[in-house]
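**Student:** What follows is the residue order along each chain.
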Amino acid sequence: MSSTTQTRASKFSLSMLINDTRYRSTTFQVIALIGLIFAMGYLVSNLLSNLADAGLNISWRFFGETAGYDINQMPIEYNNQMSHGRASLVGAVNTLIVAFLACVSATILGVVAGVLRLSNNWVVSKLMAIYVEAFRNVPVLIWILIIFLVMSNVLPQPREFRGDAAASSMWFDMVAFTNRGVYIPRLVLDDLGWVVFAAFGLSIIGVFAFRRYARNLLFNTGRLIPTFLPSIGILIIPTVLVYFALGSPIGLENPALKGFNFKGGLHLRLSLIALWFALAIYTGAFIAENVRAGIQAISYGQTEAAAALGMRPGRIMSLIILPQALRVIVPPLISQYLNITKNSSLAIAVGYMDITGTLGGITLNQTGRAIECILVLMLFYLVISLSISAIMNVYNNAMKLKER
Amino acid sequence: MSDTPNIGFVRHEPIPPSAPPIQQAGMVKWMRENLFSNWINSILTILSIYFVAKIILASTPWMWNGVWTTSSLRECREVLQGTSGACWSVLAERWNQMLFGFKYPVEAYWRPTLAFVLLLVCIAPILFQKLPRNMLIFSAIYPFLAFWLIWGGTVLTPVVVAVSLIAGYLAFVKIERLTGFATGLLSGVVAVALVLYLGSFVTAALPEFIALEPVASRDMGGFMLNLILGTVCVSLSIPLGIILALGRQSNMPIIKGICVVFIEFIRGVPLITLLFVANVVLSYFFPPGTNLDLILRVIIMITLFSAAYIAEVIRGGLAALPRGQYEAADSLGLDYPQAMRLIILPQALKISIPGIVNVAVGLFKDTTLVSVISMFDLVGMIRGPISSSTAWTGIYWELYLFAILLFFVVCYGISQYSQWLERQLRTDHH
Numbered sequence: 066m067s068s069t070t071q072t073r074a075s076k077f078s079l080s081m082l083i084n085d086t087r088y089r090s091t092t093f094q095v096i097a098l099i100g101l102i103f104a105m106g107y108l109v110s111n112l113l114s115n116l117a118d119a120g121l122n123i124s125w126r127f128f129g130e131t132a133g134y135d136i137n138q139m140p141i142e143y144n145n146q147m148s149h150g151r152a153s154l155v156g157a158v159n160t161l162i163v164a165f166l167a168c169v170s171a172t173i174l175g176v177v178a179g180v181l182r183l184s185n186n187w188v189v190s191k192l193m194a195i196y197v198e199a200f201r202n203v204p205v206l207i208w209i210l211i212i213f214l215v216m217s218n219v220l221p222q223p224r225e226f227r228g229d230a231a232a233s234s235m236w237f238d239m240v241a242f243t244n245r246g247v248y249i250p251r252l253v254l255d256d257l258g259w260v261v262f263a264a265f266g267l268s269i270i271g272v273f274a275f276r277r278y279a280r281n282l283l284f285n286t287g288r289l290i291p292t293f294l295p296s297i298g299i300l301i302i303p304t305v306l307v308y309f310a311l312g313s314p315i316g317l318e319n320p321a322l323k324g325f326n327f328k329g330g331l332h333l334r335l336s337l338i339a340l341w342f343a344l345a346i347y348t349g350a351f352i353a354e355n356v357r358a359g360i361q362a363i364s365y366g367q368t369e370a371a372a373a374l375g376m377r378p379g380r381i382m383s384l385i386i387l388p389q390a391l392r393v394i395v396p397p398l399i400s401q402y403l404n405i406t407k408n409s410s411l412a413i414a415v416g417y418m419d420i421t422g423t424l425g426g427i428t429l430n431q432t433g434r435a436i437e438c439i440l441v442l443m444l445f446y447l448v449i450s451l452s453i454s455a456i457m458n459v460y461n462n463a464m465k466l467k468e469r
Numbered sequence: 026m027s028d029t030p031n032i033g034f035v036r037h038e039p040i041p042p043s044a045p046p047i048q049q050a051g052m053v054k055w056m057r058e059n060l061f062s063n064w065i066n067s068i069l070t071i072l073s074i075y076f077v078a079k080i081i082l083a084s085t086p087w088m089w090n091g092v093w094t095t096s097s098l099r100e101c102r103e104v105l106q107g108t109s110g111a112c113w114s115v116l117a118e119r120w121n122q123m124l125f126g127f128k129y130p131v132e133a134y135w136r137p138t139l140a141f142v143l144l145l146v147c148i149a150p151i152l153f154q155k156l157p158r159n160m161l162i163f164s165a166i167y168p169f170l171a172f173w174l175i176w177g178g179t180v181l182t183p184v185v186v187a188v189s190l191i192a193g194y195l196a197f198v199k200i201e202r203l204t205g206f207a208t209g210l211l212s213g214v215v216a217v218a219l220v221l222y223l224g225s226f227v228t229a230a231l232p233e234f235i236a237l238e239p240v241a242s243r244d245m246g247g248f249m250l251n252l253i254l255g256t257v258c259v260s261l262s263i264p265l266g267i268i269l270a271l272g273r274q275s276n277m278p279i280i281k282g283i284c285v286v287f288i289e290f291i292r293g294v295p296l297i298t299l300l301f302v303a304n305v306v307l308s309y310f311f312p313p314g315t316n317l318d319l320i321l322r323v324i325i326m327i328t329l330f331s332a333a334y335i336a337e338v339i340r341g342g343l344a345a346l347p348r349g350q351y352e353a354a355d356s357l358g359l360d361y362p363q364a365m366r367l368i369i370l371p372q373a374l375k376i377s378i379p380g381i382v383n384v385a386v387g388l389f390k391d392t393t394l395v396s397v398i399s400m401f402d403l404v405g406m407i408r409g410p411i412s413s414s415t416a417w418t419g420i421y422w423e424l425y426l427f428a429i430l431l432f433f434v435v436c437y438g439i440s441q442y443s444q445w446l447e448r449q450l451r452t453d454h455h
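Order-wise, the sequence lines are chains P and A. Take 66 as the starting number for the first sequence in our numbering and just add one per residue. Take 26 as the starting number for the second sequence in our numbering and just add one per residue.
No lab work stands behind these hints: they were computed from the structure. Heads up, the beta-carbon is just placed ideally off N, CA and C, and yes, glycines get one too. One thing to keep in mind: the hints can contain errors.
Below are the SDA-like pairs computed for lysine to any residue, each with C-alpha atoms no more than 20 Å apart in a straight line [said to hold, decoys possible]:
1) P:LYS407 x A:ILE74
2) A:LYS54 x P:VAL188
3) P:LYS191 x A:ARG57
4) P:LYS191 x A:ALA78
5) P:LYS191 x A:ILE74
Which residues of chain A face chain P? A few of them, derived with a C-beta cut under 10 Å, are [as the list claims (entries may be wrong)]:
6) ILE32
7) VAL305
8) ARG408
Work out the full structure: start from the sequences and follow the hints.
**Tutor:** Next up, the structure:
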């Protein structure tokens with residue numbers, strides 16, 4: 066036996082599939098593939114026979130059928146005569162709205178809390194530590210429910226705003242906090258309103274151009290010109306001039322009490338606010354930890370070296386510490402954005418009509434097409450996740466330490 | 026000394042140090058440095074103290090005046106007569122529902138309580154390396170004991186499962202010595218299946234053998250359900266996560282592809298959609314006639330969910346090991362299973378423990394999501410039966426504060442452990 070295997074020109078034998086490293090990985094992969102195909106086949110055959118038993122089939126036609134239900138927040142045009150597909154689209158836009166709002170406010174909250182936690186003010190840093198620990202260690206669902214319940218129980222009813230001696234009053238006649246939601250003024254654009262926005266966009270470009278000019282001037286001639294106040298001036302003055310030159314083409318529509326409820330203005334429902342605030346506060350606590358870790362990751366020698374070069378503390382922060390800390394902070398920050406988007410599916414607990422509420426909730430229950438609905442729902446979130454990951458990869462590659 | 030009489034004064038003892046200026050010592054110095062170092066800090070300090078004082082002044086009387094003995098919210102209001110006070114009676118009356126759910130038999134409450142206490146004994150030797158190692162024997166027995174305590178039924182069911190696992194392990198060890206890892210694993214699985222099959226006759230024949238009153242899975246609820254889901258899913262997902270991580274690290278493209286697709290898919294969708302799958306879709310994939318109950322389907326989906334996250338943590342641990350460890354294992358002539366079990370995984374798992382603990386905390390918090398698919402965990406109990414009962418409609422702060430307290434104690438405890446462990450595992454000198 067052993068003498069035959071020791072001959073050089075050994076022929077291929079079946080045991081070599083396992084024992085020879087040249088073939089072994091192929092063998093395992095073929096086995097895994099066959100196993101996977103069998104498992105999939107088994108599941109699919111179960112699925113088909115179960116569906117046949119229940120008298121169901123897989124069909125996507127319901128997306129074109131009339132939805133027949135109302136959605137209480139419609140960023141795009143919708144009524145209950147439109148299709149299930151349209152309803153899902155409204156839900157998807159609502160998901161994106163709350164995710165965007167929560168991402169922006171969580172970032173602000175997290176950065177402020179993270180920086181303050183490193184402050185040398187004892188009270189403030191301890192308070193921030195309490196904030197971070199309290200919110201990180203309790204499920205976000207509980208925060209969403211609490212904010213929703215507190216707001217709907219504490220805020221006044223719209224009818225309390227009625228009469229001369231009203232129990233509640235609006236802020237500056239513009240904002241009303243009621244237990245049906247918050248009413249804020251809405252922008253009303255005249256025909257030329259877009260010009261003001263265009264002017265504002267151009268001013269932003271102008272600010273960047275000015276800062277670039279200032280930097281080039283510094284690098285070329287060594288002359289340091291002030292940038293902060295001029296930037297603000299460039300940002301604001303042209304827009305204001307255009308606004309008044311065109312005769313105030315953008316107006317505000319204030320909410321007003323009509324009958325038993327407020328009319329006009331923009332209505333932010335309690336469900337949106339509860340979800341938005343809870344996600345922002347909860348994720349803000351995580352972001353605060355990321356920011357703190359990022360700043361602490363930069364060794365103190367960097368600050369000292371910059372100080373030894375004669376830089377002022379503000380410039381040390383903006384030119385030395387932050388660019389390095391951002392490399393540590395941004396990747397976990399982006400994955401927190403991903404978490405916000407995924408956690409926004411908890412909207413269903415407070416009745417906010419995001420895509421989980423429309424497609425995964427009412428449409429699923431009305432049509433009974435569980436498999437199709439959940440598949441599309443998962444695909445929606447998957448597409449968002451994968452695109453955010455793609456952005457993160459691009460960023461990581463751009464910011465990678467260039468080693469030579 | 027006598028020949029220097031002109032010196033009028035010689036000090037023989039040192040001057041006692043004078044006290045530092047009042048601004049540079051003690052409380053004042055500390056406050057100047059830490060509270061009022063500049064005007065921004067002073068404003069921040071005063072503002073924070075103002076808000077903290079306001080919150081404490083508002084909440085302390087509310088908590089302190091709380092009523093503990095009434096039987097409905099209306100009675101609470103009558104007792105309080107408009108003064109600020111909490112209605113803690115809802116906790117006094119419904120604490121058992123919030124902890125055990127509303128269907129678990131009252132006379133059997135000692136069983137999950139005992140299981141919980143034993144859980145602490147079980148995980149202690151896993152968490153703390155200094156405890157005697159033979160305590161791990163109890164940790165190995167614990168899952169079967171806990172199953173018997175919580176679900177009841179005859180003691181033979183968990184015993185048979187335990188015996189089958191032991192038989193499988195023995196078969197694996199014996200056969201692996203003779204032929205190799207793959208055949209050893211196969212014969213272990215065969216042995217488990219065989220003993221389970223034979224044992225099913227024994228349990229069927231003796232259903233009353235040292236039996237506790239059986240409790241159906243759908244009767245589990247309250248914080249107990251959160252704890253069951255958390256511990257079961259985390260412990261099941263660690264082995265699965267290891268396999269997925271190894272698969273993702275492997276250089277076989279097909280196996281790597283399967284693992285990558287699985288991990289990225291699970292990590293890309295919210296847990297709620299997976300719970301929807303458990304609720305309405307998963308039963309379509311089982312053979313016709315099988316009727317898994319909801320809790321089991323939820324356990325399957327949450328386990329898959331957390332396995333994907335744990336796999337990513339372990340992959341980080343594997344990637345952090347120096348290349349030399351892999352090469353050293355190869356040069357010793359170890360094959361892949363030996364190298365992984367003896368060299369790579371012990372080190373990789375050790376450095377991924379903090380990450381795994383973080384995943385476990387997150388997962389434990391996420392178990393509250395099962396209330397969305399109408400299971401009555403702690404949040405589900407509060408939102409459902411308790412808030413909608415006529416006696417307690419309109420009460421929320423007291424209930425949610427209780428829930429916050431329970432989750433905070435568990436999660437904060439685990440995260441403090443994780444930080445302690447990171448300090449223990451750190452081998453550099455800071």
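**Student:** Give a verdict on every hint.
**Tutor:** Structure-based check of all given hints:
1. Restraint check for LYS407 (chain P) and ILE74 (chain A): not satisfied, since their Cα atoms lie roughly 36 Å apart, outside the 20 Å limit.
2. At roughly 15 Å between alpha-carbon atoms, LYS54 (chain A) and VAL188 (chain P) fall within 20 Å of each other, so this suggested pair holds.
3. The suggested pairing of LYS191 (chain P) with ARG57 (chain A) holds, with an alpha-carbon distance near 17 Å, which does not exceed 20 Å.
4. For the hint linking LYS191 (chain P) to ALA78 (chain A), the alpha-carbon distance of about 15 Å falls within 20 Å, and the restraint holds.
5. Annotation: proposed proximity of LYS191 (chain P) to ILE74 (chain A) holds, straight-line Cα distance about 11 Å (limit 20 Å).
6. Hint status for ILE32 (chain A) relative to chain P: violated, with the closest Cβ pair at about 50 Å, above 10 Å.
7. The closest approach between the C-beta of VAL305 (chain A) and any C-beta of chain P is roughly 4 Å, which is under the 10 Å cut-off, so the hint is satisfied.
8. Annotation: interface hint on ARG408 (chain A) holds; nearest CB of chain P at approximately 7 Å, less than 10 Å.
The structure does not agree with the numbered hints 1 and 6 stated previously, though it agrees with the rest.
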